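Student: These are the residues of each chain, in order.
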Amino acid sequence: MRRSMLFLPGNTPNIIVNGEILGADSVILDLEDAVAPAEKDSARILVRNALKYMGFGKCEVIVRINSIDTPEWKKDLDTIIPQKPGMIMPPKVSCADDVKQIDAYITELEEKLGLENNSVGLIPLIETALGIENAFQIASASKRVRAIFLGGEDLTADLRCKRTKEGNEIHYARCRMVCAARAANVDVYDTPFTDVNDDEGLYTDAQYAKSLGFTGKAAISPRHVKGINEVFSPTKQDIDYAYEVMETIRFAKEQGKGAVALRGKMIDAPIVMRAEQTIAMAEALGMGRSV
Amino acid sequence: MMGKKLVKSIREAIILSGLKDGMSVSFHHHLRNGDYTLNMVMDEIADMGIKNLTLNASSLFDTHASLEKHIRSGVIRKINTNYMSAGLGHRISEGLMEEPVDFRTHGGRPRDISLGITPIDVAFIAAPAADCAGNCSGKYGPSACGSLGYAFPDAMYAQKVIVITDCLMPYPLKGWSIPEIYVDYVVTVDAIGNPQGIVSGTTRITRDPVGLLMAETAVKVIQHSGLLKDGFSFQTGAGGASLAAARFLMDLMLKDNIKGSFASGGITGYLVDMLEKGCFESLMDVQCFDLKAVESIRKNPAHQEISAMQYASPAAKSAVVDQLDVVILGATEVDTEFNVNVHTDSNGRIMGGSGGHSDTAAGAKLSMIIAPLFRARLPIVTDRVSCISTPGRDIDVLVTQRGVAVNPKNEELILRLKDAGLPVMDIRELKQIAENITGIPNKHVHSGRPVANVIYRDGTQIDTIYSMI
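These protein sequences, in sequence, are chains V and H.
Quick note: the first sequence, position 276, residue 276 per our numbering, numbers continuous.
Quick note: the second sequence, position 69, residue 69 per our numbering, numbers continuous.
Be aware that one or more of the hints could be misleading.
[Stated by the list, open to error] A short list of chain H residues far from chain V (calculated; beta carbon distances all over 10 Å):
(1) Asp21
(2) Ser73
(3) Phe248
(4) Leu422
[To be verified] Across the chosen pairs, the derived CB separations fall in these ranges:
(5) H:Lys229 to V:Val272: 47 to 55 Å
(6) V:Asp41 to H:Asp383: 31 to 39 Å
(7) H:Asp251 to V:Gly86: 33 to 41 Å
(8) H:Lys229 to V:Lys75: 53 to 61 Å
(9) H:Lys259 to V:Asn197: 26 to 34 Å
Hints listed in this document are in silico derivations from the structure and should not be mistaken for laboratory results.
A quick note: this is a predicted structure, and the numbers were derived from the prediction, not measured.
Note that the Cβ used here is the ideal one computed from N, Cα and C, for glycine as well.
Start from the sequences and build out the full structure, keeping to the hints where you can.
Tutor: Next comes the structure, spelled out in structure tokens:
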């Protein structure tokens with residue numbers, strides 16, 4: 001379960017060392033934009049050592065490497081893959097070939113290191129107009145792709161428009177990303193909300209992303225983690241309803257009934273699937289049904 | 001007599017006071033890092049050729065680092081203080097003084113002054129407002145600092161008292177703090193301090209997520225301690241995480257409609273907010289930390305100034321600290337016996353002092369330390385602190401970002417916090433977690449020469465600080 005993904009600069013040991021306690025489901029140890037060119041090597045070593053020596057508890061660790069149009073990305077993977085990271089986030093992915101190129105290099109490293117094939121997952125960061133148009137091909141380019149992630153800041157620069165809090169300029173991209181991810185049967189994550197002082201704005205933005213179908217949202221500030229987790233967690237009402245759906249279905253089966261309704265509404269396969277997802281998430285979060 | 005008190009210069013006041021070689025002089029620290037007065041007076045004393053003095057200052061800040069020259073030249077032979085920031089502290093740790101500094105607490109200092117253990121010959125009281133007879137206050141004037149709590153024992157027990165002000169008001173000064181009955185001479189100067197260094201414009205809660213997390217946990221500890229109910233009393237410092245705890249506590253008290261009795265100590269705008277929103281009946285203010293607190297003590301009768309004796313002196317017939325339910329404190333190190341160091345850094349160099357740490361820890365029903373498990377690459381929980389400032393017997397809880405350790409003497413609290421689902425751990429477990437991340441640091445090496453004595457609030461010596469090699 002991954003509701004929130006928190007970016008942590010890869011060159012800040014005092015922040016990384018507390019990464020697991022900041023409440024995020026995942027932390028993204030960043031070797032790309034947060035790290036100045038002169039510090040790429042030290043950040044790489046620091047992130048390697050964090051993976052090697054630190055336990056992050058229940059918090060998933062994702063490493064954002066540098067993009068494939070830089071000389072850094074292979075050095076990043078050479079250093080990081082031996083530490084068996086669960087997930088790599090390549091940035092500025094614009095087409096399926098980008099994914100395939102990274103996949104091939106990781107496969108080479110896995111074989112060289114004797115690691116299980118496909119043990120390292122990918123969350124491509126899509127942040128160009130071309131990437132948005134190719135979102136489905138990217139999402140289905142490799143078995144390694146577990147999710148795709150929208151980067152709104154670089155995208156708006158590419159679209160030559162201003163990034164706003166309302167986000168009308170990325171509405172199309174958001175919808176296209178969700179559609180592509182669901183078609184490819186992978187998760188999809190929304191771009192961070194960048195005003196770290198605007199808690200209400202974050203909440204509104206996260207709710208909007210959830211309403212479009214995003215699985216979760218990234219954060220650049222630990223202050224936003226709580227709000228994101230809250231929005232992307234099922235509510236008590238959601239959980240209660242999901243259990244009711246499952247009970248109604250079980251009862252209908254016992255009675256040999258084909259079609260069944262709950263509160264006057266027919267329960268069909270998508271509703272059952274959503275109820276199962278809600279219950280699975282509630283159980284993962286330790287949230288129970290109201291008594 | 002009244003008209004004769006007003007003299008023309010600091011030098012004239014010093015001459016009239018009869019200050020001689022070997023005597024003791026005192027200063028309060030309400031002007032904090034903006035203070036001009038201590039340096040101004042000591043420069044004048046040095047210029048007059050007086051030597052071999054004992055300096056008794058309630059605290060010393062970086063702005064007083066120039067005292068080094070007066071120590072080297074023999075003007076100052078001995079220092080008694082409750083706090084010394086790193087500027088002078090590091091120099092002392094390097095062996096600047098022949099005679100060790102005596103560190104006391106904010107309660108121990110007035111105790112020892114009142115008992116004649118540390119007699120004061122001449123007290124110099126920087127006063128943001130005063131009249132020609134010496135009635136003075138910190139609430140008014142361009143250098144307003146609010147409470148003058150720490151100056152009371154100096155005024156009451158010194159042989160001679162000189163008030164130094166940059167705001168001479170018509171007699172009688174309305175709303176004085178220290179009355180004329182204690183004052184011998186009054187001197188006016190252009191400025192007693194720099195307002196920007198005296199109090200912060202605002203004190204702000206931390207934005208550090210680790211600090212906020214610890215503050216949230218601290219408030220949960222208070223919530224489930226059994227002490228948070230009507231009549232609750234509270235003290236916290238001005239550090240970022242402590243302020244955040246005060247803010248979260250206010251939200252909880254308002255939500256649960258809890259009407260506390262008082263908050264005490266150094267007062268910040270956050271405690272003023274709590275007073276104004278009805279969380280407390282009154283504030284007991286020995287020192288103001290920001291402009292909001294200064295404005296409040298000037299205007300709000302429920303915001304009361306208290307002397308250092310009333311605040312914390314063990315020699316007083318009763319003191320505010322003994323009425324406290326909860327105090328939140330900081331630490332540079334905590335050891336597995338819950339002893340706390342606030343005098344030195346992890347390398348053993350002086351950079352602080354007890355202030356009211358030991359006094360409030362001894363008095364409060366629940367004494368809680370908030371400290372991150374490690375700073376930079378050093379673990380904060382150790383086998384033995386570099387210096388014992390407050391004994392572990394007076395500490396109940398340590399809150400870190402990775403867990404809460406409760407002093408094993410407090411069995412009921414352990415059960416309460418565990419029942420509430422708080423991450424209660426053995427303090428040795430916390431130490432292990434820290435060391436797993438930072439490694440075990442090498443112990444610093446000292447020369448064996450004492451540079452400071454740490455004197456507990458009851459007058460006994462609790463530890464010694466040695467010079468660094």
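Student: To test your reading of the hints: which numbers does this structure violate?
Tutor: Those not satisfied: there are none.
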